[in-house]
Structures are given as C-alpha cells and as structure tokens.
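Chemist: Starting from the structure of chain B, add chain U where the hints point.
Number of protein chains: 2
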Amino acid sequence: MRFGERLTKAVAEHGPLCVGIDPHPGLLASWGLTQDAAGLERFALTCVEAFGGRVALVKPQAAFFEAHGSRGVAVLERVIADLRDSGTLVLVDAKRGDIGSTMAAYAAAYLTEGSPLAGDAVTASPFLGFGSLDPAVEAASASGRGIFVLALTSNPEGASVQRAVGADGRSVAQSIVDSAARANAGAQPFGDVGLVVGATVDDLGVDLSDLHGYVLAPGFGAQGATVGDLRALFGPDLRGVLPTSSRDVLKHGPETAKLRSAVDAVRASLAV
Amino acid sequence: MRFGERLTKAVAEHGPLCVGIDPHPGLLASWGLTQDAAGLERFALTCVEAFGGRVALVKPQAAFFEAHGSRGVAVLERVIADLRDSGTLVLVDAKRGDIGSTMAAYAAAYLTEGSPLAGDAVTASPFLGFGSLDPAVEAASASGRGIFVLALTSNPEGASVQRAVGADGRSVAQSIVDSAARANAGAQPFGDVGLVVGATVDDLGVDLSDLHGYVLAPGFGAQGATVGDLRALFGPDLRGVLPTSSRDVLKHGPETAKLRSAVDAVRASLAV
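Protein chains in written order, with our numbering: chain B, 1 to 272; chain U, 1 to 272.
Think of the hints as simulated: they come from the structure by calculation, not from any bench.
Any given hint might turn out to be false.
Claimed, not checked - Okay, the calculated bits of chain U under chain B, using three or more residues with CB under 8 Å as the criterion: (1) 54-67; (2) 156-169; (3) 182-191.
As the list claims (entries may be wrong) - Selected chain B positions facing chain U (Cβ under 7 Å, derived; list incomplete): (4) Asp98; (5) Leu117; (6) Ser125; (7) Leu150; (8) Glu157; (9) Val172.
To be verified - Anything over 10 Å on all C-beta distances counts as not near chain B; from chain U, calculated: (10) Lys9; (11) Asp22; (12) His24; (13) Glu77; (14) Gly129; (15) Ser132; (16) Asp207; (17) Ser269.
Yeah, the Cβ is synthetic: ideal placement off N, Cα and C, and Gly gets one too.
Just chain B, same shape as in the assembly:
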C-alpha cells in the first residue's frame, strides 16, 4: 500500500496528531536520565511504549540521536523498528538533502526496505532545488514510503530563503508546493509527498489547495500555535494537516501513563 493511503488509514483511526521524540539534553535531565547513549535509549524506548499504537505518526528527531554518535544512531534504529512493530508510522526527521548519487544514498538509508534507518517517511530539505530530491521521491514511491519536504517554516530567518521570488514570479515556498503537487497528481485523497509548513507563521502565503499531500505543522503547542490558529492559517486545507507536538507532550515524562494522558489531551484538543 502506498504511504499516502497508509497515513490516511492511520489518521482515520488515531486522528492527525504527530508526536515528536526530541531527546534534547534538557529533557534527558528533567527525566533524570544520563546524558549518554544509555540515557537516550531509556528516553526513546519510553516514548515508544507511550506513543506506539496511540497516534498516527511518531517523529523521532535524528539530530538528538546523532549527538550521541553511532551509538545514538543505533538507538534510532531500535526506535524505528519498535515503532513499526507496534503498527505506528514513523517519520524520521532528518531534513536530508543532496544531489545525484549522494541523494540516492540518503534514499537508500531512509526510504529503502531493509535499511535499519528506514522508517515510513523522512523529512527532506530542498535547498538544492526540489528536483534534486527526485531519487528520494522515487525510492519512496517504490517502497510504499513517503517524504515530507520543507516548504515554509515558522522561524523568522526562514523567510530570507523561502519567501524569495524566483524568475517565474513564484516564491520559493510556492514553487516547492507546486512541485509536490505535481508529484502527487492523481493520488486520492493524498499522495506520498508531504510538506513541512510551520504552524506559527502569521500568514500562510502559499496556496496549498492543489497539493493532495499531507502537511506536517510543527509548532503546535509548546511553540505557540493553537487549534484556532491552525484553522485560521490553513482554512479549507486543514484536512491534510498533521499538527506536531513534541516538547508539550514530552515534558510530562518520564512516566508512561502521564505521557499517554498528555497525548490524549492534545488529541482531544484537536477534535474540537
């Protein structure tokens, strides 16, 4: 089954919430864990236990695993395997981007059956042009996986790149939206190429109406966006939006029961 279909099924069952696993030093400390690969593993496996089977999508942030070197990356592999075993879709937030055979190597790592780092989808960065990501789009399609491409982010520095205007008069962000829409053409309801669009941007400034893809919206909760904000921001395109919450849930750990309650509360707030 294609990724777009698998995610649609998961969202129908669990709602659109994506929960992040962000084991940053402050959270390891507040959970009483050591700042090493052992502490990281304890943190991450607690998250797997708390979130697996309860949400549509879980998003481990690769940076926090790489900060512990190859031993940390081995923990990420275990997180991916355990979540997939629980039937939960895994989006590896790695924001990879390169060209040619190098991009193909990232696709081999994150989007190819049998690779220990391959979840169900990966985030990608299009600074080298959306077209440079083609090897990943193709690998995703070939293996029933997905890709979420950065389009428009909520950090103030992002506009200098994402809102710049190309020779054809479109913003960089809009041209990425349009390229993703082309990749998703014909998919019902949603294809395999999603986007990342910051939930706290004041003014969406891109037209998502033809995307036919999912939109990951980080910045929900701790970083400030409310359900009302999402509705105001995305309007009729809200249907494909996956609000993403990390710190707002994770701060309730390390007890599994409290993490689950926090997830349930965020899910409920989204159902309003």
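Modeler: Chain U in isolation, oriented as in the chain B frame:
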C-alpha cells in the same frame, strides 16, 4: 587555533585540493568490495591511508556511511579519528540544517570536542535561513572548528531556490555570501565560515570579494570543471577556493599507490 588559520596552514603545506571519500555502490563494486559495512570500512580506511597527510582537507560524504546504518556511521567515526590522527583536516559533508535546539544538537554532534562525529568542519544547508545556523557557527568558533554553508550549487535544479530574489533585491545565494562575510568580519586572511559554490556553474552570479572565507568548489574533475574554468569563474577570489575531487581520484583505487598518484596528478594540475 581557529579553523580558518589551521586550514590556511594546511593549504600552504599541501595546496588547496580537497579530496572526497564517496563510497558509493558503484565504487565499492569496482574496488571488489562487498556492499556492506565491512566493504565500506575497507574502502574508507584505504582512503585514509592514501590521503592522510597528503592533502589539506579530506571530505567524507556522510550519506554513503548512513546508507549502511549505525554500523556505517561507526565507520565514519573511525575515518574521522584516523584522519585527525594523521594530522589531516576532516570536513564531514553532512549538509545538516535545522533550527534552535535541534540545530544545537547537530552542532553538538559535528562541531563539539569529544563527539565521535566531530571532524574539523561540517557542511550545512541554509534552507531555514542562514541565521538558523547560528548555533553551529557559535559551536564551530568555540571549538576551533569550521562550517561550510551551501550557497550556490552547480546542479540545474539549484537555481530555483538559490537564484530567487529576496525582498532586499539580493539573490538567496548572495544573501548567504553576505551573512558568511559578516560572520568572518575581521578574520585574516580567512575566517571559520566557508561556503559551497559549485565549480561548474556557468556564471558565478555572486560577489565573493568580501567573504574572507574559504570556498569549497565541488565539481572539479569528474563533474567537468578544469583549472581554467575555476580561474575564469572565480577570478581574483580564486585564492580561497578549495577545488574538490572525489570520483576522479577514487576511480583509481583500490591500490593505495594508484590513489596517491591520482591525488598527486590533481594537485599538480592545480599548481599550473
């Protein structure tokens, strides 16, 4: 000693050539190696033996290590450690980019003393804005390391982002050049923030004259650019350019002596 000074010393001793370690499947096959972490390790350690102590900078490409999962990343750690032991500067080509504490985690991984993935410098991707890379710029400066930020690449798809024009009338690429120049202000001759500028772009289209930083120029050799092209492209800014060759050298393996001869030949072609 700051990275800019260390690199200047290395270039004075060995010339400006940067050699890439790109263990892609085709090269593993042509070297008679297995497509697994053991083949990867054999490939990478042969490169370390051939290049260590002979060039200013060696650039392992992270993607080809990640394609073998955490075991591949462990090989990358060994490559970094062994090259640094040989006195050769290591640029980890990972093109990382994110915001806030996530970017800080990448900086902890690639730019902080004691991290097994920290070479002497790392490549970074500014799709989230040059300012989003501040945690990496700061970590680099604090640990005598460097960062090479993507600015303008030679692949045809890159222009859709990099040549888009911002509200202030500058292209995305130029605004990245200018931000890097600000970060390097006052450094003599070169600061710690370098750029990646594709050597095969037809028309440079950015003004590098105030950069005071090194410019990594991939695309030299196998991908088409000659020394004459570099001179025509960079003009008076050629002094800080680091031509980067990977496949053109690596295709001469697996014999160490032949790899060394290939490096010497490329070095000699640059001295013309």
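Chemist: Kindly indicate which numbered hints from before are broken by the structure, ordering the numbers from low to high.
Modeler: Hints 3, 11, 12, 13, 14, 15 contradicted; others consistent.
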